[in-house]
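Okay, here's what each chain looks like letter by letter:
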Amino acid sequence: MFEMPSGAEIQSIISILKGGAGYFVPEIYLSALFMVLILLDLITGKKNRGLLATVSIAGLVGSLFFIFKQQAMPDTQFFFGMYSLDRFGIFFKYFFVASGILAVLTTVIDDQLKKHESGMGEYYALLVAMVVGMMMMASSTDLLMMFLSMELVSLSAYALTGYLKREPRSSEAALKYLVYGAVSSGMLLYGFSLIYGMTAETNITRISMALAAHGYDQLVMILAVLLIMAGLGYKMGAVPFHFWSPDVYEGAPTPVTAYLSVASKAAGFAMLMRFFFVAVPQGFDVSASALHIDWLSILMLVSAASMIYGNVVAIWQKNVKRLLAYSSIAHAGYLLLGVITMDQLGTQAVLVYLSAYLLMNYGAFYVVILIANRTGSENLDDYRGLGKRMPLLGAALTVFLISLVGLPPTFGFIGKLMIFSALIAKGSLFMWLALIGILTSVISLYYYMLIPLNMYLRDSENAEQGVMETGMGAKLVTASLMILTLWFGLFFQPIANYAKYSSVLFGAFLN
Amino acid sequence: MLTEQLLSIGVNHFLTISVILFGLGMFAVMTRKNAIVILMGVELILNAANINFLTFSKYNGGMEGVMFSLFVIVLAAAEAAVALAIVINIFKTFKTVDVSSVDTMKE
Amino acid sequence: MMHSLIQLSIAVLLLPLLSFVVLIFFNRRLPRGGDFVGVGLLGTTLAIALYIFWTVIVQHYDPAFRVAWDFTWLDFGDVPGVGPLQIKMGIVVDNLTAIMLAMVSLISFLVHLYSTGYMHGEPLYGRFFAYLGIFTFSMFGIVLSDNLFSIYMFWELVGLSSYLLIGFYFHKDSAADAQKKAFLTNRIGDIGMWLGILILYSQFHTFGYQEIFEHIKNGDFHMSQTWLTAAGVLLFMGCVGKSAQFPLHVWLPDAMEGPTPVSALIHAATMVAAGVYFVARIFVMLTPDALHVIAFIGAFTAFMAATIAITQHDIKRVLAYSTVSQLGYMVLGLGVGAYSAALFHLLTHAFFKACLFLGSGAIIHAMHHEQDMRWMGGLYKKMPWTFATFMIATLALAGLPLTSGFLSKDAILAGALGFASVEGGGVFYLIPVLGFGAAVLTAFYMGRQIWLVFFGESRTHLKPNAAHSLDDHSDGDVDHIHDAHHGGHDHHPVHEVAWNMRLPLVVLATLSVFIVFSPDPLDGGKGWFMHLVQTPATVVSVTGTSHESAGLGAPEAGKLLATAHTDTEHVEAAPAQGHGAEAAHEAGEHHGPVFTDPRQAEIAHMTHENHYTAIKLSSIMIVIGIGMALIFYVFRIIDPDKTAQTIRPLYLYSFNKWYWDEIYDATVIKGSMLISKILAWFDANIVDGIVNGVATVFRKFAFFNGGVDKYVVDGLVNFTAFTVQTTGAVFRKIQTGKVQTYLLMVAVAVLGWFAFYFAHLVK
Amino acid sequence: MLSLIVFLPIIAGLIILAVPSSQKQIIRIVSLLGAIGQGVIAVLIWRQYDPTMAGIVAAPGGSLAGSFQMIERVPWISLDLGSFGPLNIEYLLGVDGLSITMVLLTALISIIGVLSSWTIQKQVKGYFILYNLLATAMMGCFVALDFFLFYVFWELMLLPMYFLIGIWGGPNREYAAIKFFLYTLFGSVFMLLVMIGLYFSVIDPLTGHHTFSLVAMADQANYIKGAILGPDNVTWRYVAFIVLFVGFAIKVPMFPFHTWLPDAHVEAPTPISVILAGVLLKLGTYGMMRINFPLFPEVYQAGLYVIAVFGAINIIYGAFCALAQQDLKKMVAYSSISHMGYVLLGLAAANSEGMVGALYQMFNHGTITAMLFLLVGVIYDRAHSRQIDKFGGLASYMPVYTGLVIVAWFASLGLPGLSGFISEAFVFVGAFSAPVTRPIAMVSVLGIVFGAAYLLWSLQRMFLGKRKPDALYDLEVDAHGHEHIHFHDWKGKLDLDARELTMLVPLAVIIIALGIYPMPVMGLITTSVNKLVQVLAPVAMSAVH
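Chains as they are written, first to last, in the numbering used here: chain L, 1 to 511; chain G, 512 to 618; chain U, 619 to 1381; chain W, 1382 to 1926.
Same shape as in the complex, but just chain L (with noise of 0.2 Å):
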């Protein structure tokens, strides 16, 4: 039934990929960046640590030159529809290799990751992989694409969260990651199947119109969305498919972590807003049933007990990569509120949420890898006296917490109000949300303070109470992400105005 094509169709491929093949210099940029990584470490020896580093940084601020040459690009869709070239892309695309950059700094100072017997170089290789997966699932616009590239992130997150080997916690952590990602990736499969089986269709601009075309059975649609979800939710981190991520946090290398927390949660929701504000933008006819039943309620669902959920145990914890696990789903939930709107505000809400995000949450990972380097410790108990001991990270770990509750003067109040904004602006449909949100903030309020409870209001236990010295660099590393997350909060202008440029994907129209 199938057949052969003909030179002249090959020939026409051909061209069609060379020509996609220009919108796509990036990710190709980062692939080579990936094999040249892999080879230095081949090449060098043990001693190779700072090399790759450099390189790998090196290579990721090098991309920026390539993204940033895209922004003259139209937008456009490629490889027989597969992928887009569009500004939501591009946003996303200066994200992760931003949050690349971020990783890399993190894991230079790690003494955990320093004193790993077996080198580094698949690390960093990995860790470029992820970025190039990422910047895929952003902006990838088919189904099998989609699938593909959410997987390349999730097997090299596999690998670096199972890096330490001797450590027990992380390989604890990578095998569940492992079946947990696995089953999910699975359960999205199985939904994207059933879609294609509605529409006959992968590419999601297709897909749409052929729901509107031709309608659809409800029951499927809904087991196909509630299954994609799942998959989603699972790179979200997203209540009631968040299981993973504490375990996983807290077993991972610290870098790792943060990482996750932030990145891979990013290209989740950006895979998400994608599939959704495209394939099904218009949710569902809801003359089917009394009960409103669309996307949006599940997501609605999802976001509030995110939000309680993640906000209430956080209270309980005393490790405080757990802790920030726990948050983190808190966070996914405020963010999956600027998606519910599904207008252009509350997308440029989410990505202005997400910019703040990732410098205060790196910033408090950043802190937190610093502390544990001296004290060797994570535990809440063990940050007692701190405050006297590193002023600055302590003044900045508490700038980076006000942050993620939420207060002004930061980046994150701007992120909170351009959430609430957004949900407000709907009128008083999302109200209950809005208030769901405000109020579970006043309670991760008492949780994230109790880092700078103990570090300044209570002395540690043991004698000696001398200056901890951390080295210059990071320092300054600290120092800058302190000072952007202030200043973004005063001025957040220029980051608010990229993200409404930004606020555009292909193929979807935002009112």
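There could be a bad hint or two in this list.
[Claimed, not checked] The calculated lysine to aspartate or glutamate pairs, modelled on EDC-like cross-linking and capped at a C-alpha distance of 20 Å, are:
id : chain 1 : residue 1 : chain 2 : residue 2
1  : L       : Lys318    : L       : Glu378
2  : U       : Lys1356   : W       : Asp1461
3  : U       : Lys1356   : L       : Glu167
4  : L       : Lys426    : W       : Asp1461
5  : U       : Lys1351   : G       : Glu618
6  : U       : Lys1295   : W       : Asp1461
7  : W       : Lys1771   : U       : Glu740
8  : G       : Lys603    : L       : Glu378
9  : W       : Lys1771   : U       : Glu1280
[As the list claims (entries may be wrong)] Output of the computed footprint for chain W on chain L, the stretches with three or more beta carbons under 8 Å from beta carbons of chain W:
id : region
10 : 201-210
11 : 442-452
Hint data in this document are derived by calculation from the structure and do not stem from the laboratory. Predicted model only: the values in this text are computed from it and were never measured. Glycine residues also receive a C-beta, built at the ideal position from the N, C-alpha and C atoms.
Add chains G, U and W to chain L, keeping to what the hints say.
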């Protein structure tokens, strides 16, 4: 006779099978202790999806389904590789491949 | 252009303040504690006050004399709904003011002088004069105020100074208690007064007397007449507190904890009279109903206090209760409409009661701070001057003819009789009856006091373990005077006091003789006072309308008032004119005012009618009283102690001051303390987290730093904390650490969700 | 001018940041200079201020210049929100009658606070940095006319306060600090929602865009029909009002949201108590007058009675609780609850007398309570105890201290001639003149007695009566037979020393002066308050007379 029966096999049959496979996979994943068996369960899930894709691409026409299943198979292989590495590592550190006994981090 | 009298009276007002300021800051640096500053400044004040008195009273001898001056104190700008609103402060000088100024400054000066002797050697000698200074200042303030707001301010300021002076021996717990009691009791009265002021302000947006009276006259009072009565009664509550009327009289006797000069100045002559003065100021706006209340309270107080006075042992307490009783007379007088009589009594009483207190002070001084009359006696030889003056004052107090007291008290009683006959009702005769009863008792207890103190043998030696009981008047703890004074007092004989304490006695005694006030020893009405201080015409319309217009909407009530006013005039035209004519005829010899308000006119008339009855009756009463005193104490025909035994319950009832203190303590004080305890508990345990109970429950499954979780519980408000915590605790358990459980959860979630939608779609 | 007075402390803070933490004296002096600078500017502003200009709302034609003064207006943020038009946030400062008094108060209290912080020895550097941050935030709240800016300052106060209580506080400080933080945040997060809602409901007549400007929001004409808080959306307007009110009421603090206050005060170090009682509480009522009431006048009118009831509860309830306290500082804390009740009552009167009384009470309560807490601090420094019953007869040994205590105590119980009386009096005058609140006013008058009761009682127990021989101090008799007491481990002067006098005497002078002639302060506020009353009660106005 036989051919008729073969011809009378429709989408539903395939879908039923895939659902069964999916269910079996989930069941295996949730109940089996041995990590390897769990991975098998994952394979079942993926292949259930594959069956869907192939069925749909057969009955809707078009190649996307076939492509999809091909890539899935490839990915499954890759995933298995990573998985095995991790499982081996687990065995090294925990001296067991019983997933349910690997629960030092909780709550 | 400010009237010269105003300037002078401002000087009068401020000089004592100056004395206060100087002394409070520099008393330690100045020689002799700077007492000369106080005395000197007060002397000047006295001179000025007397000059004012001379100009006002003697030069223009005119009932209607009045100069006023005011300035804008607060400017509220153009208030929405009211228009331009200014709060003015000002002073008014009329006959009454001039008289009060003279009286207050005179007594104050004498007390200053007296204190230089009496308080000599006190560690806080200088500060004492400072306090006297601020008291005098605030007292002048009350006298001169032309509006309710400023009088209220000075009202509380005298409260403060009395607080400070009562507690002058603050190291004595009794004194500390007394000062607190005095201030709080007064505050209760002030609440009423303040509410009264508020009622008036809320209607007229002004505090000035004249404006308010004008408005009322014009029927601008837009609430029901009942409110006006209420306003009157409430304002009167201020007087109840300050002038120690029942039920707020309890503080005055305790106030005797203060130094005796203070008792003389503040708690006998001036401050306590301020209440009466204030009622006189607002007299014209008091509705008949309000006046009835006032009359009854006055009468009851007069009688009750007298009954208590007869059994007290402490020389000062007897005088204190007699003060309360006499104030009762004055209030009674105002209540029955005997306006000028009451104020007349205020003046006379000020002099003879001050004289009595200073005399008792001299005695106490001489007796080395012995205050119990049971251990005195036979002093008339040793202290002739004191005895003489004390005697005159006593007679005045008892109200014997030829004394000032006779004139005023008799006028009041006459008024009471007149009032009763006008009101007609039998119950109203209770007032004169109580009045005369009090007269008997007054005569009796004063006779008793004179006898116990001055006659018979000295009973000092009879006192059980003297040394000890001296110490309960002065805890030997941080007290230097008493070392100075009764260091081995047995050796020193009792002797007459020095000139600076004797002079005031003489002056005051002289002022207790009838001739000062009236040429006719039997009729104060012929005197200058009664002429110059005449009952002002009321501004409220007559009785009856109050009931009709009660409960009507504001404007209607206003109109109705106006009409009612007019037609009542029609109705009562005849009698009003009748009495008016007679009153006018009386006016010929009595200079009595002519009233438009028939009720006032009638009362004035009947008062005059009853004048001689009153004289006869009261003389009889006094004779009875003194007679009994003689029977009991001089001739000892009946042994008072035996009698006390036979009528023990009555005796105790009187001796324990009708148990008012106990009653109040049991109800008011204990009550509020209880409430406060309850509320505080409520605050600590209920409001601050209904959770605290829950908290304990919750701590059981808190595994986290015992302290910290408590913070959440109490910190997050009430049940929120609990919910948050528990849900957290429950959800936590979901995270079992077993990846397969997680997957199960996800599967369950997805399937459950699907089932939910399935159910909704398939039906 | 205003920017300077707002950010001067921050500048001081930055300078301190550069100073090595060993140089305690320099740090103190720097922040003192900062505070004094603030004071000087405040006085300059006061001199320049024209009391005839009303403020509250924009002058006819929508220009601020006609009604507010010392306006500073800089575009801050301008975003494109697509279909919602541009988001404009302005850096908008200005003063009117409501703020000018509070600015003066804040400047004064800041100076006092620095002086009384002199004795802080622990982590001086950090302390003063936070202190200056706090000072900036407070001042900012009072001069900000842009809701967003106000909110930023408002939240900015929380963190320094948290640490100042939490690090330098008493034994139970952690609890008090987190409690304060959570309570106040709970109040303010709702404010965030309302703020956004208002933003989408209000159009600035001049630009035609949505705006955060409080002045524009105060004019009901600027609200869009159909918007979430539009004039026709009654339900949400009520909700918004209540939410805002609770937010501010927590700061006031109003029963039943007051329980953070006693703990915070008891644990906080003296200067922080002074700031807290002197300025922060006023922010609650200021917020009501500036934001809560003018933005929702009709809801306010509907709620007068309730507000008044809560005011009365505060007055009586606070007084009763104070009566039962053993800890002197706790008693003072409850007394401020009681006194803020007067402010609420005055606000509920909705007429000029009441509002002027309330605003004036805010100022006076600031000075008086500051003095009270300073005095408590003095005795605590010496005796390391605040248990009322442990003292007795102190008047004999600390006459100057006792004198000032008497001034403060009597000012607090509203003695005429001292500033507290005037404000309380006019609160009552106003509340009684308004028919709605009349009955409540009559009840609240009881507060006068109970106020006197707890103050006099504590005065008696601590300063009068017999000296209680006690572990706090021992006694020695000198050659002249005069007795002196010595507090254990207190080396300093027994009676007040120079520094304490420099803090206390000015306050006493202000209290007395403003008690005798209030116009210097009252004259500033009357015009604005009259305007405010007009804005709040366009209907009720004609009804009064």
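Okay, the hints, checked on the actual structure:
no., hint, result
1, L:Lys318 <-> L:Glu378, "holds, 9 Å"
2, U:Lys1356 <-> W:Asp1461, "violated, 48 Å"
3, U:Lys1356 <-> L:Glu167, "holds, 18 Å"
4, L:Lys426 <-> W:Asp1461, "holds, 17 Å"
5, U:Lys1351 <-> G:Glu618, "holds, 6 Å"
6, U:Lys1295 <-> W:Asp1461, "violated, 59 Å"
7, W:Lys1771 <-> U:Glu740, "violated, 28 Å"
8, G:Lys603 <-> L:Glu378, "violated, 25 Å"
9, W:Lys1771 <-> U:Glu1280, "violated, 28 Å"
10, 201-210, "violated (count 0)"
11, 442-452, "holds (count 5)"
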